[in-house]
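Novice: Whenever a hint applies, use it, and build me the whole structure from the sequences.
Listed below, chain by chain, are the residues.
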Amino acid sequence: MKEIELQYRHPPDLLDDGEIPSDIRTEELVLNMGPQHPSTHGVLRVVLQTDGELVLGATPYMGYLHRCAEKIAEKVTYRQFTPYTDRLDYLAAMNNNLGFALAVEKLGGIEVPPRADYLRVIFAELNRIASHLMATGSYGLDMGAFTPLVYCFREREWIMDLFEAACGARLTYSYITIGGVREDVPEGWGDKCREFLDYFEPKIAEYNDLLSFNHIFINRTGNVGICPPELAVAYGLTGPCLRGSGLAWDLRKATPYCRYHELDFDIPVGHGENGAVGDCWDRYFVRVQEMVQSVRIIRQALDKLADGPVQAKVPRVVKLPAGEVYYEVENPRGQLGFHLVSDGGTSPYRLKIRGPSFCNLSVLPVLAPNCLLADIAALLGSIDVVMGEVDR
Amino acid sequence: MNQTANIKPQTPLGQAMFVCERPKVEYRGLSLKIVQLATKWGPIGIPLLLRFAWGIFFAALVFVIAFVWVVGRFINPLLPWFVRDVVVVVGLLAFVSIVAIIGIWGERKVSGRIQSRLGPMRTGAWHGWAQSLADGLKFVQKEDLIPQDADKPLFRLAPYVALVPAFCAYLAIPFGVGWVFHDSDVGLLFVLAMLAIEVLGVIMGGWASNSKWSLYGAMREGCQLVSYEIPMGLSLVAAVAWLGSLSLVELGRAQDGGWWSWLLFQNPFLFAAFFTYYIASLASCKRSPFDLPEGESELVAGFHTEYSGFRFVMFFFAEYMGMFAVSAVATVIFLGGWNSPVPGLASPLWFVIKSTFLVWVQMWVRWTLPRIRIDQVMHACVKYLLPFTLLLFVGSSLWQLYDNPDHRLFEGFAAVVRFGLGCLGLLLLGLYFAGAAYGFYHRNQLVGQMVRKHLPGA
Amino acid sequence: MTPSDIIAFLQQHHAESVVSAVADGPYPHALVKAEGLAAVAAFLKTQPRLRFDLLRCISAIDWPAKNNIELAYDVISTSLGHAFAIKVVVDRADPRVESVSTVWPAAEWHEREAFDLMGVEFLHHPDLRRILMPEDWPGHPLRKDYQDIVEYRGLKFNP
Amino acid sequence: MLEAVIFFLLAGLAVAAGVAILLSTSIVRMAYWLITMLIAVGGLYFLLGAYFVGVIQILVYVGGVAVLLVFGVMLTSRQLAPKLRPGRGEVVWLALVGFVLLEALTLSILHTRWQQNAMAPANSVGEIGRSLLGEFLGPFELVSVLLLVAMLGAAYLARPKVPTQGPQHAKGTTVP
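Protein chains in written order, with the working numbering: chain A, 1 to 392; chain B, 1001 to 1458; chain C, 2001 to 2159; chain D, 3001 to 3176.
Don't read these hints as lab results, they were simulated from the structure. Just so you know, even glycine gets a beta-carbon here, dropped at the ideal spot from N, CA and C. Hints are supplied without guarantee of correctness; some may be wrong.
[As the list claims (entries may be wrong)] Computed footprint of chain C on chain A; a stretch qualifies when at least three of its residues, placed anywhere within it, have a C-beta under 8 Å from a C-beta of chain C:
(1) 248-256
(2) 346-358
[Claimed, not checked] Pairs of lysine-lysine, DSS-like flavour, derived with a Cα cap of 30 Å:
(3) A/106 x A/203
(4) A/106 x C/2033
(5) C/2156 x A/106
(6) C/2156 x A/75
Specialist: Structural data, given as structure tokens:
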């Protein structure tokens, strides 16, 4: 059967050292991890070929959450598709909205007022923090530490509160729309946001004490699933996975959108402090450091936020000129790309979505061999896939 | 287990995705009776039970106290030995059940507090104390699932094999002088033997489930327990060699007379042996960071993945009973058992308090640390714990050799070290209580203003 | 390098493969013959002045009116910071094109997706299977003329 | 009276388990029957007042040896429920060997002069320790050397199959 015939690049024969007689060798076991498994973070199925605890090969199978977003896009108008982008990476809905809005604006030549641009930056970065909180917390959970998850959720709740105050939703916002943001933030929202940042910044040190520099945690994640930068680039890894491999590549710096070029921030990269560069710990810690940078960005953006309109003059039914565009933004999980083809109508002729998790996950079969079974959880958690985006 | 690599499934690909028909469930025998009773009386009985939970709780408390008093005062001397044994065993059963029930509730409260939550708050009137009772009722009503290709007799037997030895361990644990079912001269070995049998139930359940995740859990449990028994035993042997007895009652009695006479503070090697024992006992109870057999992020639920209903509860009970049992052994051997910190107040209450504290620390560790990987577990045992405990054993023996009236100078040195160790222990305890008090005082500052309103009971 | 420089550079070295190019507008790209794709891809990746090492996306666009399927390869260089795209047009009835997964391993899954949803066959792909749809799903859903199926494995769908 | 009842219960269990080992075809079941028998025999030791031997029987044989046995059976068996059936030729040989053993046991039981001794003192741990390190010191040390050799052999066989974690993870991959 095709399904369980695993495809190896180089089938490792780790057991054959020429001395151990073959009859006391253990046999290989095919282990079906998922689609429902606590550490696959959704409905991912990984077929593992194992020898005892040693994983010899892993083949991911996706499609359990395939909702045909690209096909739906061809049937609905541009504005109507914004809520569907919420469901791609449901942990970073603001960023998805932003990517789609920017792609449409690029093709339609729509200018966005400055206040909307700064609000977009603020909300995108807040959502980046929320998403990274989820990633770090659930990574602790994958490693068997329950408490960081709850702490991270405690802070995430606050961000959800801020989002709720701005747009009324806690998960699927559809707040950043074509031409700006849907409506202005309520009175005093900026102060609440600052209050949150003041509260949140010291908490990052707390996570580091509790989890990042925990000896067991470092032993579990350091030197595990090492992805050298060449491999990461070759497999199209982006976001924290690529930066964890030591490559300072961030679209917010490389091809700045919104107002990121006016804001001052650093690109954290993995240095291999606790193992080799590009191991799980590096990928994890890049996320923690990115939260600090996001806080910096939000503070600056809040300072620059001046009164003004938050919506450009865009007709109710958006009509784009015929043509195409490929636009990418830096999402919490990597670069989210929209390849938008228009034939001059009111709905996209074709919309291809490049989910960062989709590309990040493709490196799993390469990194998984020679890991232990428990390392698969570490690996998957550090790649931090959201299946809504892999399957779209 | 290995057939899967060779034998291909007969069903075509993707078939399992679209199974619409649910297998019909048939209740038979006892399960049928329980489900019938539960569906008939549950909707009335459970709310009533919970409404009068306080009353029932106090009534039960009064009844148990009266029962123990009457048995101890009047019935016990009159009865033939086997009837007395039955009574004591029933009492012990009640005690370990309460330990497990309170342990399960306590674990949830502890985890809640550590995670700046509240834990169960609704069931029962006060801090959700009846939560484990409600859970028990739920579990009894649950469907008793057995996987189709499971080895059914072994699958049914496994929870008992896990539970019964965990209970049997209590037969030799003394709660005080005279408060022991059977004072054997090999009591310590008996407890260890019983805790060693417990692993059989786990392996049996893991294997009989016919699930690969369960099998992995069983394998991990097997390796882990067999290896960690050695450092655990060696740490205890150091203590046993110090006092020269395997009888738990003797060991406890020898530590009479204040906290400085506890074995923990007798020499630095025993002080370290307490911690090696405690670490090894965490591994033998499958507690975090050694909870690999049931590591839920890796193995779903490990060896009890396929268990549901009351069989699952039995595994759960076995775990909490085992936790208390190893803590009880640590208490008797290292912490002076039922002896009070100041001389003359020996009581079984001290024993329970100390053991509960150790169980509490197990929970504390569990909700703080991540899980170790299996190769690190084995390395930690073979490379570090085992040589270290051997060293402790040798060191403790040498210390004993010199610590006698013939070596005046050394005796003075030993006294100083003992005093220092005692102070260290007290300091640690004081730090702990200070930290706990600080955390309690600042409990409202853990969460922000906007977050706090989401907490239940806020 | 600006898109026009890249196009000029490409036309200089691979004049026989590059059909046409668009240097301005929101989507600068070069249209490449299907036969020359592998060579152009390797050139883009390895040429020191281009170094397009990160394949961002492969998009397949169905054009029933033109009776072809366009494949767009969006690439970016992490070392030089410039972005570009190349396009290939394949026949709609028999879409075949050389796989670029030997140049960019990232293409492997993108090509599987294009195969799955658009029915483009990639030659010399190491593992060309469906990726999102079930293995036995009829048709390629993202084609413009795709008809919704009414039944799949005994499961009836509402129209 | 009660002791006799318990004795017959335990002895019956031990014999039944022994027969069950012979009759069962699943190797895992056999292992569990063996454990049952070992526990029953341990119970007999308890009944005899030899607590130390009984406890050691359970601790070592049930807790250690049997666990490893089950473990090994689980890991190395070819199928999920391995069946063991002797071949035709084997049956003859096994019957012969069994018969000879049975004969030898029966004869030795019949020809032994059974004498009733007083029970050994209950506190036997010290006695055992003294005799082990006194009278039987030579054999004791010999056995420990044997165990050491066995341990070294086991360690040799179980040399790390897990590759040392390091940057060679991605060695097998082709990065163009």
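Novice: Which of the stated hints cannot be reconciled with the structure, identified by number in ascending sequence?
Specialist: 3 and 5
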